[in-house]
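**Q** Quick mapping for you: the protein sequence lines, in order, are chains A and B. Sequential numbering of the first sequence, starting at 1, is according to the UniProt record's numbering. Sequential numbering of the second sequence, starting at 1, is according to the UniProt record's numbering.
Mixed in with the good hints, there may be bad ones.
Because identical chains cannot be distinguished in the list, a pair is counted as satisfied if it fits within a single copy or across any two copies.
Okay, derived cross-link-like pairs now, SDA-like style, lysine to any residue, Cα gap no bigger than 25 Å in a straight line [what the hints assert, rightly or not]:
| # | residue 1 | residue 2 |
| --- | --- | --- |
| 1 | Lys691 | His33 |
| 2 | Lys120 | Ser360 |
| 3 | Lys231 | Met529 |
| 4 | Lys231 | Thr566 |
| 5 | Lys49 | Glu519 |
| 6 | Lys565 | Arg24 |
| 7 | Lys691 | Met569 |
The set of hints was computed from the structure by calculation and includes no laboratory data.
2 protein chains.
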Amino acid sequence: MDLLDEPVPGVGTYEDFNTIDWVREKSKDRDRHREIATKSKESALALMKSISDAFSGWLLMLLVGLMSGALAGGIDISAHWMTDLKEGVCLNGFWFNHEHCCWNSNETTFQERDKCPNWKSWAELIVGTNEGPFAYIMNYLMYVCWALLFSFLAVSLVRAFAPYACGSGIPEIKTILSGFIIRGYLGKWTLMIKTITLVLAVSSGLSLGKEGPLVHVACCCGNILCHLFTKYRKNEAKRREVLSAAAAVGVSVAFGAPIGGVLFSLEEVSYYFPLKTLWRSFFAALVAAFTLRSINPFGNSRLVLFYVEFHSPWHLLELIPFVLLGIFGGIWGTTRLGHYPVLEVLFVTAVTALLAFPNSYTRMSTSELISELFNDCGLLDSSQLCNYANVSVTKSSSDALPDRPAGQDVYTAMWQLSLALVFKMLITVVTFGMKVPSGLFIPSMAVGAIAGRLLGVGMEQLAYYHHDWVIFRGWCSPGADCITPGLYAMVGATACLGGVTRMTVSLVVIMFELTGGLEYIVPLMAATMTSKWVADALGREGIYEAHIRLNGYPFLESKEEFSHKTLAMDVMRPRRSDPPLSVITQDGMSVEEVESLIAETSYSGFPVVVSHESQRLVGFVQRRDLVISIENARQRQEGVVSASRIFFTEYTPPQPPNSPPPLKLRGIMDLSPFTVTDHTAMDIVVDIFRKLGLRQCLVTHNGRLLGIITKKDILKHMAQMANRDPDSILFN
Amino acid sequence: MDLLDEPVPGVGTYEDFNTIDWVREKSKDRDRHREIATKSKESALALMKSISDAFSGWLLMLLVGLMSGALAGGIDISAHWMTDLKEGVCLNGFWFNHEHCCWNSNETTFQERDKCPNWKSWAELIVGTNEGPFAYIMNYLMYVCWALLFSFLAVSLVRAFAPYACGSGIPEIKTILSGFIIRGYLGKWTLMIKTITLVLAVSSGLSLGKEGPLVHVACCCGNILCHLFTKYRKNEAKRREVLSAAAAVGVSVAFGAPIGGVLFSLEEVSYYFPLKTLWRSFFAALVAAFTLRSINPFGNSRLVLFYVEFHSPWHLLELIPFVLLGIFGGIWGTTRLGHYPVLEVLFVTAVTALLAFPNSYTRMSTSELISELFNDCGLLDSSQLCNYANVSVTKSSSDALPDRPAGQDVYTAMWQLSLALVFKMLITVVTFGMKVPSGLFIPSMAVGAIAGRLLGVGMEQLAYYHHDWVIFRGWCSPGADCITPGLYAMVGATACLGGVTRMTVSLVVIMFELTGGLEYIVPLMAATMTSKWVADALGREGIYEAHIRLNGYPFLESKEEFSHKTLAMDVMRPRRSDPPLSVITQDGMSVEEVESLIAETSYSGFPVVVSHESQRLVGFVQRRDLVISIENARQRQEGVVSASRIFFTEYTPPQPPNSPPPLKLRGIMDLSPFTVTDHTAMDIVVDIFRKLGLRQCLVTHNGRLLGIITKKDILKHMAQMANRDPDSILFN
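Just chain A, same shape as in the assembly (with noise of 0.2 Å):
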């Protein structure tokens, strides 16, 4: 009766394409975790085996760690190295990288990092100059073809061995960790394919991110790794567990934030997360967020992606602003992206390239740009956002600064800015739907954070020369230091973010995690509230959502409330005009019958019936089973033919002489189906799928079968509520 000790192989697992049981798994995992317990009395190796078996799971949760630690760094340095490449080559060697190759000369400053000897741009490369017109084509075509050229390589590269590789993976994700199987999604292909991919695709400078990706490379290591493991390879449920720790793991190494990687995970992706993984998570989180700094030699030595630090607390009045950049989040969140598969792969980066070249703030990696949007202007800072003009500092012991008139350079920068954000949505919108790997987080951040400077600097000059007005007085003095803009951009980083992926708590912590002050919580927590609720009023989906309905994959979402008064009668199949549900009978259907049953019909199941006078309810079998045993049967065991009655029952009773020996197959079959009465509310039955990961229940009447609900019935059914076409949900 136990189907771990059922020696027919292939019963008990599952198709394609197909949604898992997770009763049915988890139960599985006890009962092996019993035997392993029971067997751990009897001698000091089994003991030592249930002993490893208990520590596998922080092992793994190391090695997952420590591997995708260890890709991220991997595809951190060659991206930096590839970026460069598009501007020169390092004479020492051609595989230093631009800061690499500076690192030992004179020169080490950010500002000063044109004039290091040993990096030659491709003009001074080829011409031996870089002044002057020719130069400056010269180094924009080598940009332009580069970008190319790598774009080029990974939509190849994509297309002809991994097409799973693309976008960011993680609706995929959240649909495999609700109980989906997708095969190959989470394989080895798929890592290395995306993982190279990821870096041709960043570097070539089109308007995407490698963090959302990052996620995805991490769940691919958590995948292969729990091969090593036979508790996580031969058990869907648990290795799902691991998936989910995976995905906290890869926004841990993506921003260097564990506590917001966890909640991430816990909040945006994971459907099944018993606390066991919540601790499991944030170890593997911590393990690859110190594997990453520690492999990486150009880093700052910091373990977030951008580290800031602010001075100078906010004001309340301040708050107005930021629930605008919240509002412009929202907005940006319903932006339609990657509704436009676009196919001319390379038509976008020339175009993406030509653009981006001439404005100084486009050029630079995205990540980049972020960072300085982010910064507070010190003293020192050189940069052109930072050129105000100079007033004598009355109060030097403190960090803060005053706020100070800006200088020209500021003001060019906010042109060049503008025309950054203008070109950054346009493209953001058109590069989401290519077949690369590309992540939203960094551009949606970007938009915001430059929107953001924007808004903080204008805010900065307003407050610097009226001061006098009544909404600064008092707060605003002259030599005061009231404005900080690198927290509006950050704030408006927040927003977009936030809008376009709806992340709350998760992404707070994770903007908290960079900053490190819980002062500026605050801020970051409103314009995330507003932006969620101007996108949510705006249209119902994150992107994520969007994308999972678009591909019509099998999701239950977990937050939206069913609110329909409907019944599970209204929803079960057969309807009323439908024939009669297909049951088997416990003791009264010969090998023929059932044969013919599982040819006319397509179900994944069939419940199993006393009578189909009684309609009493004995168990479920899966259609996969039962063909895999009556083909085991028809093989192996003597004599089954097409007239062998086929027996559900504990006990057979004895057959008359001459008939064929009978095939049982109470083995097989789910001794403890789902139930519910035809007068359950669906909200209810919504809630018992969602919570119990149900694949099908049936449907009783006064202990009569009814008939079945699957959650594709469940999904159609909310489809058509909503007022889409039920016909979109696909699979299973």
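Chain B: place on chain A using the hints.
**A** Below, chain B without anything else, positioned relative to chain A:
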């Protein structure tokens, strides 16, 4: 059929010490929501109502945050004042505490506080001097007297007015959140008395903290404020969402750690924690933290309880002492706290006060002690613990100080701390059983912090004098700052707190919020993990679970896996030898028969079947609803007498002419009772009960009703399986 439209009052409510039916409550709320949403399309007023309904949750969260923050601030200030009152009084006004009294005097540093002229110790006030043994004894006596007075008041108030106010309240809150009803536990009387007695108990110098009880205080606020909104007042499930958020608020104000508070609620206390609650808890926790900060005029304007800033990184080898601290914490966590319900509170208070006064580390309030132990000694620090011999500092640019040899004062402090450790450990074990509000967080942290600091200073001196040892070589060279005793104290505190409560992620996050540095997460995590593993290995339960079990509350632990291979038929009632299940037939019984069934049994509900012969299930009816409905019908409905027949069917068949009018009760019947088959494995049944929050579940075999399993049956079965007394489950 809708319970909301049911005119009989009381139907659908619960009695005290009963468990709610989560499915029914959530379904009720969805009905309510649906009704409002439908009406909102009809008129502008209804639309307004619908919008205000949607925002009422946020408003409630805001109020809970404000009220809890304000109360926590009040408790803080009062406890500060009364603690100081034990030592002396302010001449400017008796309502000033020591710090506030000396605020404007010239000697404002902590060390010179005794010289502040306006603050008079009791000896100074009475005999005019603070010198000599007589004055010392005078102060000593006053200290003990005040302590006795405070603890006497605390105990008397709790005993007289609110017996629920004692202890930390967290185990009971866990039980309430899981669906149990304890009327008055979160009422206004409990709130009032708990707030007052908490201040008294903390001020009396007993070895207890205010952090745990603050969770109870915040939950009381949440429960009381729920009464302002019908949505939350009338729905037990919705109210528990608010209480989950309130628990987060409690920890947020206790430690100034909003994120940690939310995770504490999620990991430790909550049962049903949807994502919406996560987001709202976070909001409430932030509001509360900022409220607390803004009303606390004596604070350091930091949000957090213990602000720590460490300057030097830790070395990988230091993980060994950290793990040792973890083991210590784990062993401390298995101490049988609170198993000694001490009645002689005054005796304990007297002993505590008498022993605490002579040692400056036990005389100061425990949170001051922890603050001092966490502190990293700076150059200007003049406390006893920082009395290091001055070695010429070579690199003045760095914040970090090199390791130095300890001065005489440090050795004195070590002795005093060792004595304090023994004292704290012994007295905390005794104190926790007392009938006053008492938290375990702070005393446990103090024990760990003392042990950690001792070990830290030991390591530091070892490294200083033996920096040529292999383990210190290359890391603790002379002049290097290699060991931070404050970090050891922090790790020790974390380990002990983790051992007692078995918190994991939330604990690490709370500590992370205190330091703000991701770097120190690894030591904290190592200690937390070790302490949890050690404590789990030595004795399975945390303090809250132990307390719940001791009190016999019906709490279904979600962390513990049920791993026995029993089936539903082994657990269900009636057992094989018992009389058959008490059922009601859908159309065959008279009022009299049902009344006698109710009188003869004490079951809280009855299954309704088609007929006794078929045993086919129709629905389930609650005893309470049945009693109320019959009583109501007898009083109001004309002609309903004992001979009237009760119908649960949809249509009542025509009655014979002279028979009394029938009683139709389909409206109070649950048409969708949960059923499982008798062959369902108990691990699945336990899972269903946990996930769906059921009160009872019916058991069928081949479509016939066979028995019933209640939550109490499951708990009894689990107790039996764990070789505990199944009769220890007392309620419901």
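**Q** Checked against the structure, which of the hints given earlier come out wrong?
**A** Violated: hint 5 alone.
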